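Colleague: Spelled out from the first residue to the last, the chains are:
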Amino acid sequence: MPSPSSNAWLNALRAGARHLAQRFQHGVVDRGNPRIITEVLNDPDPRRYLDPAVLDKFALSPLIARLVVEGFINGLHKSPFHGFSVEFADHREYVPGDDLKYLDWQVFARTDRYYIKRYEEETNLRCYILLDRSASMAFGTGTVTKWDYGCFLTTCLAYLMIKQQDAAGLSLFGAKPGLMLPPRCRVSHLRQMIQVMTTNPPTGETNVASSLRAMVRNLKRRGLIVLISDLIDDPVETLKSIRLLGSHGHDVIVFQIRDATEVEFPFDGATVFRDLETGEELEVDPAAVRESYMQNLAEETERYRKGLLEMGIDYVPLNTRQPYDQAFSAYLHRRSKLRG
Amino acid sequence: MFTLLAPIALAGLGLLAIPVIIHLLKPKRVRTMPFSSLRWLRASQHKLSRRIQWHQVLLFLLRAAFLCALVVALAKPVFSRRGSRLFTERFVILDISRSMHYEQPGRETPLVRGRKIARALLDQGLPGDRATVILTGASSVALGPLAEDPTSYASRLEAAEAGLGDTDLSSALAVIRRMLAAPRPNARAELVFITDNHQGSWLQGEIAAFEEGLTVPVSVRVIDVGPSAARNAWIADARPIEVGGKHFLHARLGASGNEPQERTLRVKRLPGLGDVSQKVTIAPGAFAEANLPIPTDYDIEGKIAELVLEPRDALPDDDQFWLNLDTRGGLHVLLLEPESTQIESLQPGFHLRKALEVLGRGDAGAIQVTSRSPDAVVASDFANADVVVMANVPQLTDDRLLALESRVKTGTGLLMFLGPAAQPAFYNTKLHNPQRPAECLLPRPLLQIARGNMAPFTRVAWTHPMFAPLADPAFGDLGQVRARTYFEFGAVVPGDQSQALAWFADAAPALIEHALGAGHVLIFNTTANDEWSDLPRRNCFVPLLDQALRRLTRARLSRNFQAGDAIALALPGLGGNPSAAITTPGGRTVPAVLQQFDGQTIARLDAADEVGVYAIRGNGDGGSMESNFVVQAGRGDSVVTKTDAEILRAWWGKVPLEVVHPDAGTSPDRAGGAGRVLLWPWLLALGALVLLAEMYFVHRLCPVMNPAVASSTVARHGILSPTSKPEATV
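If you're matching them up, the sequences are chains Y and Z in order. In terms of our numbering, the first sequence opens at residue 1 and continues consecutively. In terms of our numbering, the second sequence opens at residue 1 and continues consecutively.
Simulated from the structure, these hints should not be mistaken for lab results. These numbers were taken from a predicted model, which means no experiment stands behind them. Certain hints may be false.
Stated by the list, open to error - Now the stretches of chain Y that chain Z is said to cover, found in silico as 3 or more residues with beta-carbon under 8 Å:
#1 134–146
#2 257–267
#3 275–286
Ideal Cβ placement from N, Cα and C applies to all residues, glycine included.
Produce the complete structure using the sequences and hints provided.
Modeller: In structure tokens:
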């Protein structure tokens, strides 16, 4: 049963979700219905919540993130892929300040000494999630916008990171760096991340390159940078800025989120397209430009792929219709490389 | 030269702007789609605009070219070679005279053939041309004004029937001249005469008068629909005569053709007479004569004999002649001549008296001539006269003049010979009334005397009954008459209904006929003797005088008229409140128009359209009367010999003349219009080609170069197998 504090928090999330729906008119979905969450918690097949369409019914919450991640992990256990383990690995002597919940009371009973459990994957890896909050992220033709997808992805990745004893931080950016939450390894930090995302909807123009350049100065310690963006910017400058991140010793994973209609461009009939960032309008015959559009899109995607591949950076193109497990797998794969 | 027949159609080019305006003003039904970014769209649009621009221009040019070709074609452009006239004003003159009813076994009559040809001509006019139809017999009537769609006259053309009148194709020229009074610029006139083209159909003078002052180029085409080898015989004239105490019906017979004709002349309608007939041989070019005996004791009172030639030939109307036998014996002629000399041969009426003596010898009852001087004539002299002859009379007193006028109006004929003694002042003030020229003895005023220098007779109305018998070459020297002196007459004024039957050198009328009341006036613009001309010494003088007397006395004595004549009969003894009715040969009863002149009732019938015996019955306060009169078919069309084409060309002078014989295989249906090229069929063909090119460009080539067309229905369904694969639409 969810706790009373969770109910209040869920109500706040619900209000935030309604605000998002009204602003971007992508349909109002009554997310965060407590009854639905109860059903989810009791659902014997949690893996189905990897589907963004299913998750769209829910507001962001650590519980949802837990469901998603555990569903993913369960799936991993059943698959031949063993990328990591979260089993207990070792002890270390207790020092004041350690979290008592990791105190091994069995060892204390045997030895009368205080020891803290150390998990196999315990690390001081600092993960920075850089989430694009430019107006273009608000685009979506279904019920899931790129922003929604990115938020859910951020929440679930953060949960996964925290579950891996990594510190997860969040930084929003658009035309310039925005709000920043330093990496922390507590679940409560996850709530703060969620609150930041829900209270800072996408707006403004995109300038990935300058934002990254600005943010890199604030990333004091090396860590894993997860860039979640639609990368609608000059590929050359963007790649330069990402290279800059790598040159500062960071590992980078780039998740490029696109809406299904951006990829397929299924429009028909004369249409006036309005740029969500600049407001500029362009009347186009979609049938006439489809081929060229697809070609341009493919060229840019290929440019990013090749550019990031040359840098040794994982590039994960995502579609708002795709389940999140691919993203999770990519994160875990990268993390395992870091551990050597 | 290039012109447009329907320039208003060019306004259609302005209609091209309508869809453009609608396109510009119509709210565009496009949806607005918020999109993440336009960067990929902007790049695509830029590439496309660079690529398709020239295609758009070409497509626009093709469509505009098609519409322009269509609009200009609707404006009916016409091109004509430099110097040629563009439009034709076509006059189709159809001869509906008696001779057009020439019947041949197994063949159409000339009128039926002529109607078909006329109809074909109406159908084959080129756009821009105008045409009308003129029906011509003794006179001409146009079916309507020149029209661009003359087929509207077709029904009346089909209903045209040959009449009883003789041919006068020249009468159409006056009608045509009026219609050409305000010609269109760049127009020419084409006169197409559809006729049997026999001798006597044309009047040279009328042709010359038509051409004078004409500003429109004219061409003439004569389509000869008459039989090539026509032959005809007719009864030219008949009268009762007495020779050696025996009575005869004297008939003069004529024929035309290549060979003499054997016929039988028979008398009908005389009960109790039995079969009276005689075989006759009639040679072309000369009159044959036949005398049919009538018993001396045969009661001729009220009887009308019908003479017929048997068997009937192709023109049967002139194979019969009705002769009123009940005519008063003798002819009383009152000759008015001044006592200028005691020398008989120099007297003004000398030749007249001799001619009348000759005429009187052959007729039953002879001709009684009473000579009086203008100062000695009394009213009773006028009362007893059937014909009054004025020979060089200087003037008459008012009472005598009044008596003369009164007699003429009641049916007495007046034969007037002018001369040096005739005083124009008297004639123009006493005999002529310029306000009412039809109600006086002299219809046209006398001007000065002209010295003609042997002026010949011209413009002779040979088809007029006055001159018909003069076709006999023995008497036909009227055309050789020369005049040294004659009067010039004033111009014809409105209301003048007189007719000039001959002219002196086209300068002055030589013979004028004029109807006054029930009587007729014949005015010879020469002396009765040979002082001014050699007419009295010509062979034609006596027969001419004979015809003149017959014409002047037909209402009073012979009561013998020709079809087309205006008939006026005196109805004596009716008194006040007269009424009269005329019964036609066909049994119809028509009311007679009655007029009163000095207490005398005159009955008029303006158009006798049947030949045969008419009966007239009159009633009034003074009593009633019954009488008959006969109407003969005209004899002017009896001579069916063709007009010489060379002579006809000479008469038309510089006007191009073409004589076409449908029997000879030449096509009479050519509508003319040489030198003119109609451009709109070519423009329509060009527009069709442009449209095909546009369709091919849009559906075949554009999908390769213009993706905008790939979404067309045709391309989508692969009807024309576009080379680019159509994109699937969501």
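Colleague: Per the coverage rule (Cβ-Cβ under 8 Å, at least three residues), is the region 257–267 of chain Y covered by chain Z?
Modeller: holds (count 5)
Colleague: Checking C-beta pairs, does the region 134–146 of chain Y have three or more residues closer than 8 Å to chain Z?
Modeller: holds (count 4)
Colleague: Checking C-beta pairs, does the region 275–286 of chain Y have three or more residues closer than 8 Å to chain Z?
Modeller: Since three or more residues must qualify, the claim that chain Z covers the region 275–286 of chain Y holds, with 10 doing so at under 8 Å.
Going down the numbered hints, you'll see the structure goes against none, and every one checks out.
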